[in-house]
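*Asks:* Protein chains in written order, with our numbering: chain A, 1 to 325; chain B, 1 to 428.
These are calculated hints, taken from the structure and not from any lab test.
Check before you lean on any hint, since a few could be wrong.
[What the hints assert, rightly or not] Which stretches of chain B does chain A cover? Using the computed rule of at least three CB atoms under 8 Å from a CB of chain A, they are: (1) 94-107; (2) 190-196.
[Claimed, not checked] Incomplete in silico selection of chain A near chain B, CB under 7 Å: (3) A108; (4) T207; (5) P209.
C-beta: ideal position from N, C-alpha, C; glycine also.
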Amino acid sequence: MKRHLISAADLTRDDAVLILDTAEEMARVADRPIKKLPALRGRTVCNLFFEDSTRTRISFEAAEKRLSADVINFAAKGSSVSKGESLKDTAQTLEAMGVDAVVIRHSASGAPYRLATSGWIDAPVINAGDGTHQHPTQALLDAFTMRRRLVGPDAGLGQDLAGKRITLVGDVLHSRVARSNVALLHTLGAEVTLVAPPTLVPVGVETWPCEVSYDLDSVLPKSDAVMMLRVQRERMNAAFFPTEREYSRRYGLDGDRMARMPEHAIVMHPGPMVRGMEITAEVADSDRCTVVEQVANGVSIRMAVLYLLLGGNEPALTNPRTEEK
Amino acid sequence: MSKILIRGAKVLGGAPQDVLIDGEFIEAVGAGLSAEGAEVVEADGKVLLPGLVDLHTHLREPGREDSETVLTGTRAAASGGYTAVFAMANTFPVADTAGVVEQVYRLGKESGYCDVQPIGAVTVGLAGKKLAELGAMHESAAGVTVFSDDGKCVDDAVIMRRALEYVKAFGGVVAQHAQEPRLTEGAQMNEGVVSAELGLGGWPAVAEESIIARDVLLAEHVGSRVHICHLSTAGSVEIVRWAKSRGIDVTAEVTPHHLLLTDELVRSYNPVYKVNPPLRTERDVLALREALADGTIDIVATDHAPHPHEDKDCEWAAAAMGMVGLETALSVVQHTMVETGLLDWAGVADRMSATPARIGQLAGHGRPVAAGEPANLTLVDSAYRGEVDPAGFASRSRNTPYEGRELPGRVTHTFLRGRKTLVDGKLA
Chain A
1 MKRHLISAAD LTRDDAVLIL DTAEEMARVA DRPIKKLPAL RGRTVCNLFF EDSTRTRISF
61 EAAEKRLSAD VINFAAKGSS VSKGESLKDT AQTLEAMGVD AVVIRHSASG APYRLATSGW
121 IDAPVINAGD GTHQHPTQAL LDAFTMRRRL VGPDAGLGQD LAGKRITLVG DVLHSRVARS
181 NVALLHTLGA EVTLVAPPTL VPVGVETWPC EVSYDLDSVL PKSDAVMMLR VQRERMNAAF
241 FPTEREYSRR YGLDGDRMAR MPEHAIVMHP GPMVRGMEIT AEVADSDRCT VVEQVANGVS
301 IRMAVLYLLL GGNEPALTNP RTEEK
Chain B
1 MSKILIRGAK VLGGAPQDVL IDGEFIEAVG AGLSAEGAEV VEADGKVLLP GLVDLHTHLR
61 EPGREDSETV LTGTRAAASG GYTAVFAMAN TFPVADTAGV VEQVYRLGKE SGYCDVQPIG
121 AVTVGLAGKK LAELGAMHES AAGVTVFSDD GKCVDDAVIM RRALEYVKAF GGVVAQHAQE
181 PRLTEGAQMN EGVVSAELGL GGWPAVAEES IIARDVLLAE HVGSRVHICH LSTAGSVEIV
241 RWAKSRGIDV TAEVTPHHLL LTDELVRSYN PVYKVNPPLR TERDVLALRE ALADGTIDIV
301 ATDHAPHPHE DKDCEWAAAA MGMVGLETAL SVVQHTMVET GLLDWAGVAD RMSATPARIG
361 QLAGHGRPVA AGEPANLTLV DSAYRGEVDP AGFASRSRNT PYEGRELPGR VTHTFLRGRK
421 TLVDGKLA
């Protein structure tokens, strides 16, 4: 494993499988009466959020606390891009306070990479989403969810997603989730197809390890998992597509479309969902939709990443210590 | 001692000759000239060029003296072999009145390191709405002939048309920063494979090309002269080539960094590579080199854009756009154009001195190295190889993309009207 987790593209297949396997171990902690491991006792992790994201922050915080880390939450919304030096100053402040790892969320693509490579800070950096670039733990939790559903939990240990056909639908252009998932799913052996109106596919996508289609209906019958991406309502004013209704007709997932998917296929969404536009309530609430599992899996994945980056050289649970009194 | 003998210099890269300077002028050029009564500069096979002329420099004064001043900027220019620079108008206040251009002109005179010719803004405050007093700036002591809103595009077609027409009255030229503003909203880097991967807002080539296409057609329609700043794409080259073949009076410049660097470097997210127009692809770089060689692109201009450390030592999106270039331009041109066989030294003299002086109508610069001409000269040790070390820059800013990169060539002497401004690589 590298020292930082900045991009899903930085992970080798073995790194990724190790994280997924470790997350399976971490998931067992959630079933215990005391949902806590002493692995990061005495270590301080800072959640440095320059951009709002309650869900991701809480997920990281839960993961950190289950590993017994001391947690500092630093919300610096709005101060970042207008005053760039604040990232550097903030980083150095945290360094001076002896922070052992930084989880960073930032509206500027590349900010975590800068943080990790500019010599501003020594601690490992975990990217919790940067601009329209990457959100690697999201991709890992998505892959974890797919492996559990499509390969099987314990049967999946050591396995990747070879041959699985995954379709990502929606605003690829602005989606760090799409960028992360394309990279990671490809590394794990899956075949990825992006489906979106041409206005929401980035120029230059032809070098990505995936297919691109503008026609959702033709792709659905060949998909083992369909991941709907969030479409921000403000995109409509920027002429990316004519109307919400037209988008919904062409790229929304409703019951009829879901019926065209293979029986075993699952529906995924990174949340928060825009019900009615990108996904109907019928689909969102169906058994095939894994949104809630994805949230739970997110904690396991983030525990695994923190554990591995902060020096966990051995499997987390082979020799579980009991909590000291 | 008013006489200087430059001995054994390869004038424009040719056979070694002696050049005798008397006062502000070249007295003689030839073999075995007498050194009597003259200070001798041993040139020992170095290349002698006419003093370089930069049609596109940002000196930042007035307003951002923390980045650069006229004094530090002209010292950087002398270090890079320049004897004249055109100072862009996007200062604070904007150089859109006779008063501001005269101030910059006067500061240049006082600095003494190179001539400073101010560029006037096309529109008031660079706002693109209302023509600035172009005539008054032309008639001022600064004698402005080049007008540009550089940093911003004159995107309103009517304003651009009027500017092109208006400057005909006094033979001026409008230098356009070709950037369609709507197509580049939120733009952070070249739109393409790398931007798609990095998730940085794309600056598409067509945003430059569409404005160039429009402006050459406007220039043709009103029978005026237009200059294209820092052309950066293969498509732009094609449009300028077509316009020239059609007889349209268009000239174009390319920066050293667009001749060498590509958007692959942005993968580092290091804002030292953030520049406008952005670094493009390998294909663009090769097209630009070829176009500079065949004369489609007329000149090299630095777009020297100094920024203080804190404006670059941050995340990419927050960083300022621009790179310093005066002190490395000739090295980059030697590396990309001379050592690739695309251009000889006479060609370098044309693209970096004679033609920029002609476009900017700057008398006394860009002249042949010949008896009777003003002694504006640059001596280059073309055999030198070394890593770029910004710590040694004369510029107040250090935002160079070449730090630690090995580049050939080193300017050892610069003469401004017979006076040494640079001696053995050190400012006089």
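*Asks:* Tell me if chain A covers the stretch 94-107 of chain B under the three-residue, 8 Å CB rule, please?
*Replies:* violated (count 0)
*Asks:* Have a go at the A108/A hint: is there a Cβ in chain B nearer than 7 Å to its own Cβ?
*Replies:* holds (4 Å)
*Asks:* Using the nearest Cβ pair, does P209/A come within less than 7 Å of chain B?
*Replies:* violated (11 Å)
*Asks:* How about the stretch 190-196 of chain B: do at least three of its residues have a C-beta closer than 8 Å to a C-beta of chain A?
*Replies:* Contact hint for the stretch 190-196 of chain B vs chain A: holds, 6 residues under 8 Å.
*Asks:* Hint check: is the beta carbon of T207/A less than 7 Å from a beta carbon of chain B?
*Replies:* holds (5 Å)
Hint compliance for this structure: hints 1 and 5 are not met, and every other hint is.
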